[in-house]
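Number of protein chains: 2
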Amino acid sequence: MDCCVIPLRHGGLSLVQTTDFFYPLVDDPYMMGKIACANVLSDLYSMGITECDNMLMLLSVSQKMNEKDREKVMPLVIQGFRDAAEEGGTSVTGGQTVINPWIIVGGVASVVCKPNDFIMPDGAVPGDVLVLTKPLGTQVAVNAHQWLDQPERWNKIKLVVTKEDVKEAYQEAMFSMASLNRTAAGLMHKFQAHAATDVTGFGLLGHANNLAQQQQSEVSFVIHNLPIIAKMAAVSKACGNLFNLIQGTSAETSGGLLVCLPREQAAKFCSEMKSHSSGPGGPGVAGGAWIIGIVEKGDRRARIIDKPRIIEVAVLCESGAEVFLTVFGEVDDVNVSYVDECIMQKTSKQTNKQTSSVFGTRLCPAQLRGRLEQLPSEPLGGARSV
Amino acid sequence: MDCCVIPLRHGGLSLVQTTDFFYPLVDDPYMMGKIACANVLSDLYSMGITECDNMLMLLSVSQKMNEKDREKVMPLVIQGFRDAAEEGGTSVTGGQTVINPWIIVGGVASVVCKPNDFIMPDGAVPGDVLVLTKPLGTQVAVNAHQWLDQPERWNKIKLVVTKEDVKEAYQEAMFSMASLNRTAAGLMHKFQAHAATDVTGFGLLGHANNLAQQQQSEVSFVIHNLPIIAKMAAVSKACGNLFNLIQGTSAETSGGLLVCLPREQAAKFCSEMKSHSSGPGGPGVAGGAWIIGIVEKGDRRARIIDKPRIIEVAVLCESGAEVFLTVFGEVDDVNVSYVDECIMQKTSKQTNKQTSSVFGTRLCPAQLRGRLEQLPSEPLGGARSV
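Line by line, the protein sequences are chains H and P. Take the first sequence: its position 215, counting from 1, is numbered 214 in numbering that gives the first Met the number 0, and each next residue is one higher. Take the second sequence: its position 150, counting from 1, is numbered 149 in numbering that gives the first Met the number 0, and each next residue is one higher.
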């Protein structure tokens, strides 16, 4: 299970809790805060829980950050985290901050539930349909975006993808990771979901296997379709075995819910997910849902068929990348070594790199609108200068 | 306040939560786990809460640890954390582990309370008495212990303290930090405490000031007595302004509760604390409590009088240090660089240091008994070889 469920001493109530923290993987601090919060909440959502009573934030500031960077960057991380929490109907009331070599962002989500508030993830039966609510490929997109500045890496993938493709995929991944799975959690109740999990570090197949193992019935999951951020399947193939995206084991961050639904409900679930496409990223992935497989009788394992159908999930806010290039593509003077180190979890020698904004504000229009409304006193130049 | 208190949608209940994580500061991984857990729970105890419904553990493994060290060290950290949680009547049901340059140990404590389960820390009135339930000086003792191997540091303090004094103080500090404030939390109800906080990173005066500021009445706290781990006041003085222990701002880890009690209850509170001296450290600090000051009319500040009385708190399990030297003083072959780095939060060059066991098992008899009972299948040699 993605959460711990603790029966309380008080009238049939349970405490449901989860914690997650990790290192920056996008270079926009505000979006990183949103992603971290969405990722924590996702564990509650995967149990069909739509409310959260409290969030705590876990944060570390890099010891390599100078004061100027810290004062610019960390408030944006915190603001992103708070905004996502608010979107989830909760608020951040406490937490802990330390100094660390790497930046850490994470949190703790807690809710006290009545028995009907959550759906135990063990009720799948043969005949159910598997639905996934976000496209795969976040890890591939984030890495490919890093490689734009690394010629030896870029040369491996440039035959299958353009720089604009990669920038669009990175935007799509960022908005997807920052989107809450809350709508899906609510629809799990409406359409009588039998079980669900969220797709994160073990990849689609890893989490599908974990979920299959927990089922009360002797079932297996068979996956036929893989919705993937546009062009990232090709990038993954061009890299050989580096990601194993098509094999289902490429890590995802703040991925979608994998939901087992009664056959007659699955299409309605997907349709209603698509109509809820008013997420912060505009009419993009936040409203997505794809039927990806079926539940059969079996020995509690999951598998992907040979040659699964790849569903290319394109950027729907199409002008986003273009606007980003025009408005936010300038060089920034922020020292980037500590962020690079965090992003790739390795030591970087790019201390004096000046060619791309790191933790700079890269926004598509819908996101930009949201930001400016949230920070009305801050001029555009202020947002850009992070 | 040390916790967040979230009113719930369910019949007058509140969710009370706290999180804390930090880096190793003692070289015994089992004790480090206990200290981390005691430190997290302490925030609940400072509100007079004696129960905890759930613990999550936050952990990072050092990227510099080899597999052998990791397999020896991390299970002991986890075991220490779990044992302290069990002592607190709760259990660890989940958490998050990552790889990080430094080792991180921490947790999240949560409880769902009825209104009478906790004491809001704002009811102090003039005439109250201030009681402290653990001696001060943990930071000084931990640092002085590090300096045993650093001649230039040691030369500054060797006129006022012997190596044995420092080893005893370090043991005392370690047991004190690993002791739960749970007994004190229970007695806060029995003796009608008006407010409390726990003494940690801001030192006694810092936390006393914070507590004074929160009071409904216009009060001030005046501190006359400073119970301090034996010899550590002298060590602090010998170091000049490095710690400011006597000034009240030396950081403590997992310190005692500072409790505001009605004058007629304070002596009884202390007496009963002393009778509960069956903590894991034997009849030592776990059962301590000292009247350290008074609550007056004032402007919501705290101060320590000129020339406060220093109460030297001696090691009560007197043979502890001796036994440690005999049984556990041997050289160990564990690579220590990552631990040193964590302990002092600095880069260490002592990679091949062989002169002291680091994260080795240094136990006084009562603690050793406890360990062996908890790990019955592990021979003494096994415990020592960490």
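If you are wondering where the hints come from, they were derived from the structure by calculation, not from laboratory data. Glycine included, C-beta positions come from ideal geometry on N, C-alpha and C. Take these hints with a grain of salt, some might be off.
In silico DSSO-like pairs for lysine-lysine, Cα to Cα no more than 30 angstroms straight-line [claimed, not checked]:
(1) K162/P <-> K189/P
(2) K296/H <-> K306/H
(3) K267/H <-> K296/H
(4) K63/P <-> K63/H
(5) K236/P <-> K267/P
(6) K113/H <-> K273/P
Here are the computed distance ranges between Cβ atoms for each label pair [stated by the list, open to error]:
(7) P6/P <-> Q191/H: 29 to 35 angstroms
(8) E66/P <-> K71/H: 53 to 59 angstroms
(9) S270/P <-> E66/H: 48 to 54 angstroms
(10) E85/P <-> N209/H: 26 to 32 angstroms
Going through the hints against the structure:
1. K162/P <-> K189/P: violated, 42 angstroms
2. K296/H <-> K306/H: Holds. K296/H to K306/H sits at ~22 angstroms (cutoff 30 angstroms).
3. K267/H <-> K296/H: This hinted pair holds, its Cα atoms lying about 24 angstroms apart.
4. K63/P <-> K63/H: holds, 19 angstroms
5. K236/P <-> K267/P: Answer violated: K236/P to K267/P is near 33 angstroms, above 30 angstroms.
6. K113/H <-> K273/P: Violated, at about 42 angstroms.
7. P6/P <-> Q191/H: 29 to 35 angstroms: holds, 32 angstroms
8. E66/P <-> K71/H: 53 to 59 angstroms: violated, 39 angstroms
9. S270/P <-> E66/H: 48 to 54 angstroms: holds, 50 angstroms
10. E85/P <-> N209/H: 26 to 32 angstroms: holds, 28 angstroms
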